[in-house]
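**Q** Chains as they are written, first to last, in this note's numbering: chain A, 1 to 272; chain C, 273 to 544; chain Z, 545 to 816.
Any given hint could be a false lead.
Simulated pairs of lysine-lysine, DSS-like, Cα-Cα distance not exceeding 27 Å [unchecked claim]: (1) K696/Z x K464/C; (2) K736/Z x K231/A; (3) K231/A x K428/C; (4) K464/C x K503/C; (5) K231/A x K19/A; (6) K736/Z x K192/A; (7) K291/C x K192/A; (8) K550/Z x K464/C; (9) K606/Z x K6/A; (10) K380/C x K192/A; (11) K606/Z x K380/C; (12) K563/Z x K464/C; (13) K291/C x K334/C; (14) K192/A x K278/C; (15) K152/A x K108/A; (16) K652/Z x K464/C; (17) K736/Z x K62/A; (18) K380/C x K428/C; (19) K503/C x K736/Z; (20) K550/Z x K231/A; (21) K464/C x K192/A; (22) K108/A x K334/C; (23) K736/Z x K775/Z; (24) K652/Z x K62/A; (25) K503/C x K192/A; (26) K700/Z x K464/C; (27) K19/A x K736/Z; (28) K231/A x K192/A.
Across the chosen pairs, the derived CB separations fall in these ranges [to be verified]: (29) D803/Z x A170/A: 35 to 43 Å; (30) E485/C x A238/A: 13 to 21 Å; (31) N557/Z x T463/C: 39 to 47 Å; (32) V288/C x T74/A: 36 to 44 Å; (33) S801/Z x E485/C: 43 to 51 Å; (34) A238/A x S801/Z: 43 to 51 Å.
Calculated from the structure, these hints are not laboratory results.
Predicted model, so just to flag it, every value in this text is computed and none were measured.
From the three backbone atoms N, C-alpha and C, an ideal C-beta is built for every residue, glycine too.
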Amino acid sequence: MAIWSKDFTLLKNNIVETKPLVHHITNYVTSGDCANVALCFGASPVMADELEEIDAMTGAAKALVLNIGTINQTKLTSMLRAAEVARSRQIPIIFDPVGVMASSFRQKAAQQILRDGVSIIRGNYAECRCLLGDASFGQGVDSQALSDGQGKFAAKAAQQFGCVVAVTGALDAISDGQTTILATNGVELLTKVTGTGCMTTTLIACAAAVSMEYLPAAVFGITAMNVAAEKAAVQLRAGEGPGTFKAKLFDQIYNLSGDDIAVAFRGVGQNA
Amino acid sequence: MAIWSKDFTLLKNNIVETKPLVHHITNYVTSGDCANVALCFGASPVMADELEEIDAMTGAAKALVLNIGTINQTKLTSMLRAAEVARSRQIPIIFDPVGVMASSFRQKAAQQILRDGVSIIRGNYAECRCLLGDASFGQGVDSQALSDGQGKFAAKAAQQFGCVVAVTGALDAISDGQTTILATNGVELLTKVTGTGCMTTTLIACAAAVSMEYLPAAVFGITAMNVAAEKAAVQLRAGEGPGTFKAKLFDQIYNLSGDDIAVAFRGVGQNA
Amino acid sequence: MAIWSKDFTLLKNNIVETKPLVHHITNYVTSGDCANVALCFGASPVMADELEEIDAMTGAAKALVLNIGTINQTKLTSMLRAAEVARSRQIPIIFDPVGVMASSFRQKAAQQILRDGVSIIRGNYAECRCLLGDASFGQGVDSQALSDGQGKFAAKAAQQFGCVVAVTGALDAISDGQTTILATNGVELLTKVTGTGCMTTTLIACAAAVSMEYLPAAVFGITAMNVAAEKAAVQLRAGEGPGTFKAKLFDQIYNLSGDDIAVAFRGVGQNA
């Protein structure tokens, strides 16, 4: 998809040149990994969730990540305030509904966060289906059907929430409700390292921090993670696995150019 | 110990095939490492501690890890509720009394968790002695005496708490109060990486999630960590140390088969 | 600077021989990395922040780290109590004002921590300037001017706070208000791994735990991190980056002798 090449190079250059501050309210399990992936990509991460400093932190940021892994009532209150600040200042909000299907507490939290709108949602298929409250998609389908179904599903979710929705997995479907991108980069080993979803959300936020075109920004962030994973995986020697892969994943994200990402991108577009 | 070989292979296969959900209420220092070790082993970790979602999280899990590193009053309340849920649904509870000797707050927390019973306790010698409130074991003894004493100590603790007790260190003693296993796998470098004890507890929980025989499950989880550590350590080159070792430790846990664990296992059984 | 050689060797040996307990009240993003760096260096880290156990934890420690990354009101209350305990028992307090310029909440927290005195402050230039409330240093200057200015700045801050102040960056300036050390060890890659500042603070605390001479202790901790980083960086092969570098950083800290640190140290002293 040659059309993205110029965009990807521009996005990457803008991140490296402006080092955008990306404010995360996120879980304690993968927060260090998210900070590292943002640094490797050229951005400036900050993690902070005390309510009294939310106005200052979010107000100074170029993007806001809300990630509900290990969420509690205190963090939710800070997230809702941060989202208000971000909306009032046109700072993009990137929402990661980690494990939202696991409890009604997370479902209510997600509803509150989504009520007044976010810029981009990134989740896996189960998470995004739960957000939509719609179990009619993708059950019992084979992978080809899932491919078609996942694109339609992402488009429907994007229309319903009025934002870009990225449904990631073996296949990634990213839609703004009008145009949908289906992409197939990535490797199975990504599922054996905790936080690769959270880190993908962070990379999307780094891109959204420097561009108001959220559809290419989301495709770019997802593709960066997946291409880095492909490059890391091919370097593994016999007997190596998720531990060495994770170290090499950061190496590759650090070394990726926008052009590398564009060249390796395997995706197609479709209209809703 | 040929008798374990079949069990270990079965346990590993069951974990990989059923991908059991293991709910952790644990510390923020090593939670990412515990999630990664569970993924490498084939299980599905989830970390969550908001009281409002405990019933859903623990209720959906196949095992519950309670780890009191960085514990506070809020987490303790969630742990006690999670333990109630686990007991009512016959979900195994694996308790890690991290640093329990360091404060009376932790000792009271441990007493509350233990009051209504857990399935397996895994701690080092100092932690387990503190739980037992018994300073008569193992002081001023040489390592051979410690070897005998540690087995008897584990058996006594198992009898007192009515569960499997695993006392880990240079020597591991695991007992259900009747049969005690003494095992010697492992390497010194494990003491130079934070969270290897927590990770061992997670591996035990992965096994207990797929088997109600908690004594072999505990021996299996401990041996998996120690054998992986041995395999990682022999690969280190001159000048490498805990950083490279840790990455390779995850690689090895990912690549271990049940048979690998059984073959490398160095342990003997004794009756109480 | 041959004069430090003996000190550095003595400091390292004392850490390894006495394995001092270093109590951290710190952020959840880099706490695992700080624990690992302390273990690699030979010390015993503990992270704990529940108010009810602060007296026991700090009271048993040989040094106290207060790090305000991801601070909240609850942690601040624990920090203030821990600082009281440390002062009453002559336990050194090492303060890391992470991101203090980012919010008035952090500035107030820092003022409360500093009010009754700490032993050592370690921060970057922006953080230390914010503590001092003085914007007159270092703006618009070239790097040579910064070099001179940073030494004077560190000395001024040390005089104002009545403690050792370490201002770290491309150049490190460490002062007790009388003598100031300017040092230039380190590599750019340190800025691409989250928590290298926090980890440096931990290494300083390991040294302060075994010596009441806080100026050489601070220089030693900073130089240990920077020399380890230099040794790690030169081992990187084409295509490697922050992920592999981080693993090797822990390896090198583990393998560093006091003499290694002294030999590689590039620093000069100046009087205030």
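**Q** With reference to the structure, classify each hint as holding or not holding.
**A** Hints, verified against the model:
1. Only pairs whose Cα atoms come within 27 Å are accepted, and K696/Z paired with K464/C is rejected, the gap being roughly 39 Å.
2. Of the supplied pair hints, the one linking K736/Z and K231/A holds, its CA atoms being roughly 20 Å apart against a limit of 27 Å.
3. In summary, the hint linking K231/A to K428/C is not supported, as the alpha carbons are separated by about 53 Å, beyond the 27 Å threshold.
4. About 16 Å separates the Cα atoms of K464/C and K503/C, which keeps this hinted pair within 27 Å; it holds.
5. Annotation: proposed proximity of K231/A to K19/A holds, straight-line Cα distance about 24 Å (limit 27 Å).
6. Of the pairs offered as hints, the one joining K736/Z and K192/A holds, with about 24 Å between alpha carbons and a cut-off of 27 Å not exceeded.
7. Taking the CA atoms of K291/C and K192/A, the gap is about 12 Å. The hint holds against a cut of 27 Å.
8. Pair hint K550/Z plus K464/C holds up; C-alpha atoms about 26 Å apart against a cutoff of 27 Å.
9. Of the pairs offered as hints, the one joining K606/Z and K6/A is violated, with about 56 Å between alpha carbons and a cut-off of 27 Å exceeded.
10. This hinted pair does not check out: K380/C and K192/A have alpha carbons roughly 37 Å apart, beyond 27 Å.
11. Taken as a hint, the K606/Z and K380/C pair is honoured in the structure, with Cα atoms around 25 Å apart against an allowance of 27 Å.
12. Between K563/Z and K464/C, the direct Cα distance comes to roughly 12 Å. Compliance with the 27 Å bound is thereby established for this hinted pair.
13. For the hint linking K291/C to K334/C, the alpha-carbon distance of about 10 Å falls within 27 Å, and the restraint holds.
14. The suggested pairing of K192/A with K278/C holds, with an alpha-carbon distance near 26 Å, which does not exceed 27 Å.
15. For the given pair, K152/A sits about 25 Å from K108/A by alpha-carbon distance, which is consistent with the 27 Å threshold.
16. Restraint check for K652/Z and K464/C: not satisfied, since their Cα atoms lie roughly 37 Å apart, outside the 27 Å limit.
17. Simply put, K736/Z and K62/A have alpha-carbon atoms about 19 Å apart, close enough for the 27 Å limit, and the pair holds.
18. At most 27 Å may separate the alpha-carbon atoms for a hinted pair to count; K380/C and K428/C meet this at roughly 21 Å.
19. Only pairs whose Cα atoms come within 27 Å are accepted, and K503/C paired with K736/Z is rejected, the gap being roughly 31 Å.
20. With a C-alpha separation of about 46 Å, the suggested pair K550/Z and K231/A falls outside the 27 Å cut-off, and the hint is violated.
21. As the CA atoms of K464/C and K192/A are separated by approximately 24 Å, the hinted pair is consistent with the 27 Å bound.
22. Using a Cα cut-off of 27 Å, the hinted pair K108/A and K334/C holds, with the two alpha carbons roughly 25 Å apart.
23. As the CA atoms of K736/Z and K775/Z are separated by approximately 16 Å, the hinted pair is consistent with the 27 Å bound.
24. A distance of roughly 25 Å separates the Cα atoms of K652/Z and K62/A; the hinted pair therefore holds under the 27 Å criterion.
25. The straight-line distance between the Cα atoms of K503/C and K192/A is roughly 20 Å, inside the 27 Å bound, and the hint therefore holds.
26. The straight-line distance between the Cα atoms of K700/Z and K464/C is roughly 39 Å, outside the 27 Å bound, and the hint therefore fails.
27. Straight-line distance between C-alpha atoms of K19/A and K736/Z comes to about 12 Å, which keeps the hinted pair within the 27 Å bound.
28. For a cut-off of 27 Å, the pair hint linking K231/A to K192/A stands: about 16 Å separates their Cα positions.
29. A C-beta distance of roughly 53 Å is found between D803/Z and A170/A, which places it outside the suggested range of 35 to 43 Å.
30. Evaluation of the 13 to 21 Å hint for E485/C and A238/A yields a failure: the beta carbon distance comes to about 34 Å.
31. A hinted range of 39 to 47 Å for the beta carbons of N557/Z and T463/C is inconsistent with their spacing of about 19 Å.
32. Checked against the hint of 36 to 44 Å, the pair V288/C and T74/A passes, with Cβ atoms roughly 37 Å apart.
33. Range check, S801/Z to E485/C: Cβ separation about 48 Å, and the 43 to 51 Å hint holds.
34. At about 34 Å, the CB distance of A238/A to S801/Z disagrees with the hint of 43 to 51 Å.
Violated hints, listed in ascending order, are 1, 3, 9, 10, 16, 19, 20, 26, 29, 30, 31, 34; each of the other numbered hints is respected by the structure.
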